[in-house]
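**Q** Quick mapping for you: the protein sequence lines, in order, are chains A and B.
First residue of the first sequence: 1, per the working numbering; consecutive thereafter.
First residue of the second sequence: 1, per the working numbering; consecutive thereafter.
Possibly wrong hints are sitting among the right ones.
To be verified - With a straight-line cut-off of 27 Å between C-alpha atoms, the simulated DSS-like cross-links for lysine-lysine are:
hint : chain 1 : residue 1 : chain 2 : residue 2
1    : A       : K378      : A       : K390
2    : B       : K154      : A       : K29
3    : B       : K32       : A       : K23
4    : B       : K188      : A       : K395
5    : B       : K105      : A       : K35
6    : A       : K378      : B       : K112
7    : A       : K423      : A       : K390
8    : A       : K390      : B       : K65
9    : B       : K188      : A       : K390
10   : A       : K467      : B       : K45
11   : B       : K188      : A       : K4
12   : A       : K35       : A       : K105
13   : A       : K470      : B       : K10
14   : A       : K467      : B       : K32
15   : B       : K45       : A       : K386
16   : B       : K112      : B       : K138
17   : A       : K23       : A       : K35
18   : B       : K154      : A       : K378
19   : B       : K45       : A       : K456
20   : A       : K432      : B       : K136
21   : B       : K138      : A       : K432
22   : A       : K432      : A       : K456
23   : A       : K467      : B       : K10
24   : B       : K45       : A       : K352
25   : A       : K437      : B       : K188
26   : B       : K45       : A       : K470
27   : B       : K105      : B       : K136
No lab work stands behind these hints: they were computed from the structure.
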Amino acid sequence: MDIKSPEFKQSARIALQDANLQKALGNLKAGFPGKRAAAVARVPEFEELRDQAHDLKNHILEHLDLYLEEFEARVVENGGQVHWCSTSEDARQTILQICREQNAKTVTKGKSMVTEEINLNEFLEENDIRPVETDLGEYILQLRGDHPSHIIAPAIHLNLEDVSEAFHEHHKRPKSDDPAELMAEAREMLRKQFVAADVGITGANFLVAETGSTLIVTNEGNGDLTQTLPKTHIVVSSIEKVVPTLEDMSLFLRLLARSATGQEYSVYNTLSSGNRRPDDQDGPENFHVVLVDNGRSDMVGTQFQDMLRCIRCSACMNHCPVYGSVGGHSYGWVYPGPMGSVLTPQMIGIEKAGLLPNASTFCGKCEEVCPVRIPLPKLMRHWREKEYEKHLSPKAVRWGLSGWAFLATRPRLYRLFSSSASKVMRMLGGGKGKVTKLPLAAGWTDHRDMPTPTGKTFMQQWDERQKQEKQP
Amino acid sequence: MSDTHTPPIKVGLFVTCLADMFRPEVAFATVKLLEQAGFLVDVPKAQTCCGQPAFNSGDNESTRKIARQTIEAFDGYRYVIGPSGSCIGMLHHYPELFADDDPWKARAEDLKARAFEITSFLVDEVDFSGIQSDFKGKITYHDSCSGLRELGIKQQPRQLLSEIDGLELNEMQEAETCCGFGGTFCVKYADISNRMVSNKTGFAADSGADTLVGGDLGCLLNMAGKLKREGREMEVRHVVELLAGMTDSAAIGDADYDLGQEL
């Protein structure tokens, strides 16, 4: 996927004017937050669960190597293989090699953001292997040559008409705008693919160290067909998904669906534990887990470590007023919204992603709903610090800031400045209480009036009052 | 000043740079409320701004300088009170700026323990119930983000406002959603900020209230400016103006004063 994060502002401007997108975002805002709130309200101990999940994740991150090695040992015991990949390229090559060993022509895929991160689909196509997305949203996007704009509802930026149009064009069927009919149509098309696939690739929501199992949650069951029908199942997962035990996994599952969609549980919670055993009815003959690092282990022990607690529920973006205004594609890479604004700079570099951690008012709503209490505004601010240290912030901003800081650290001078500035603004206001245009503040006055000072500064008036009181 | 038998406790007013420059009435109303609650109010001259523009731009060195200056300016006051959840919230961030072995850390912690936003101070710390205000009207209340989420300010202003007989509170939809101000955000991401503030003024207008009230001037200037641009009739005021019974002056963005006297 091409990186478009440096164009965030232009993309956002276009997104704000896109009526179709705005309609779709309206549906998101009307849906997820209310459902989450209702689901959370039904669990009196929800806040305690968040604390437990926070602490448990921190514990895991302190012992990440230990749990990953235990996970690997159990996978091998179960007859599977674990591949450690430090970069996207390592992961792509590893997956390609497994596919080639199976002489694979068609690969079905369950929903996986990590495979987006490593740009797997394009790579497989370049190597004459046909990836078929089987999650309904991902399937629609693949038909359209599009990418996810949301980590759990990838096609949230589309409306029914868009889906209807895409299906009509690619399925060569009469056009329908009935969601049930469209669903049935997708189902029919995908059945053939599930059966034809040589390899099934899924992501993982959790990796369970004690059993060597991987877990995916879905609402469509497509993941089950992807991982049980083909001869070979490849799980592509990032390293921070590991949890010690099944019981620990259950704690996160209690938080995950509620935070994400407001469901108590996702419809399908499917564990895969290695190769098909002799007595098993079904299951893959070959089971591979591709562990992707891609910069994550570099975050351990740094001020960004908290980000690795993320369980990809999407609550932060569902509640973010910026995401809700511009949608996920504006962020210009794989992970949008607040979690993406922290993760993306780590993966593509702050040089390219600098606009993302700045695109926040620090309203704190994301942190308020995060099931594992990631201090997202604080982490975004840490990226701004990096940006400032590396002199990446725009010159005008740096100069403005240092000029302001010069004054703000000299109270006497500051008072002189503020009283003059107040006077100038009052003159510009001409007694009307507001100005409609203000030099150097076009960003403000393009869209709104600027209320002007109502009189001398408080410090001036307070001084005058103190002097009067002292006079006999 | 009050005639209490014990000498009144001295509090330091953290004016906030926006109140200082754009709306001194807000600082005077805060002074009045503190005096009604029996405190002696002092305004340390060595204060400027809380440092948030630098902090949120990643310039920690400048932020530390401003923090040290503010800590020194308010040394010795039993309480430090300001009419803004955002600026007081920033004072609460000061300890993060200093290493554990830096002596300024303890001083920052000490300031944090003494620093309160005005409405939460009146309700949570001193249980004040002497509101005198003849304000009449239907208002709606915007919960500013920093106050709400960093300092837990939600019911305190509402409780104080409920003491005003002529006041009716019509809650708007999404009262807790950000108005899009965000300090420099509103200029750096003007288009997004505009969408957010438009949503907010729409909800405020739909509430049926004739006055939009809040506790942070940044948000209030933003929303008032948008309401003006949209040609809506709604007035905008800081909550302390209502609580102190100081609503004779023009609302935010409405001022109509005589320039000739001063210029």
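**Q** Holds or violated: are the alpha carbons of A:K467 and B:K45 at most 27 Å from each other?
**A** holds (14 Å)
**Q** Run the distance test for A:K437 versus B:K188: straight-line Cα separation, threshold 27 Å.
**A** holds (17 Å)
**Q** Starting from B:K188, check that the Cα of A:K4 is at most 27 Å away, please.
**A** holds (18 Å)
**Q** Within a Cα-Cα threshold of 27 Å, do A:K467 and B:K32 meet the stated pairing?
**A** It holds: about 18 Å lies between the C-alpha atoms, which stays within 27 Å.
**Q** Straight-line Cα separation of A:K423 and A:K390 no greater than 27 Å?
**A** violated (37 Å)
**Q** Given the hinted pair A:K23 and A:K35, is their Cα-Cα distance within 27 Å?
**A** Holds: A:K23 and A:K35 sit about 19 Å apart, inside 27 Å.
**Q** Mind checking the alpha carbons of A:K390 and B:K65 for me, to see if they're no more than 27 Å apart?
**A** holds (20 Å)
**Q** Quickly compare the C-alpha distance for A:K378 and A:K390 to 27 Å and report which way the hint goes.
**A** holds (18 Å)
**Q** With the threshold set at 27 Å, check whether the alpha-carbon distance from A:K432 to A:K456 stays at or below it.
**A** holds (15 Å)
**Q** Measure nothing beyond the straight line between the CA atoms of A:K470 and B:K10; if it is 27 Å or shorter, mark the hint as holding.
**A** With a Cα-Cα distance of about 19 Å, the restraint between A:K470 and B:K10 holds, given a limit of 27 Å.
**Q** Between B:K154 and A:K29, does the CA-CA distance stay at or below 27 Å?
**A** holds (23 Å)
**Q** Take a quick look at whether B:K105 and A:K35 sit within 27 Å of each other, Cα to Cα.
**A** violated (42 Å)
The structure shown violates the earlier hints numbered 3, 5, 7, 12, 15, 16, 24, 27.
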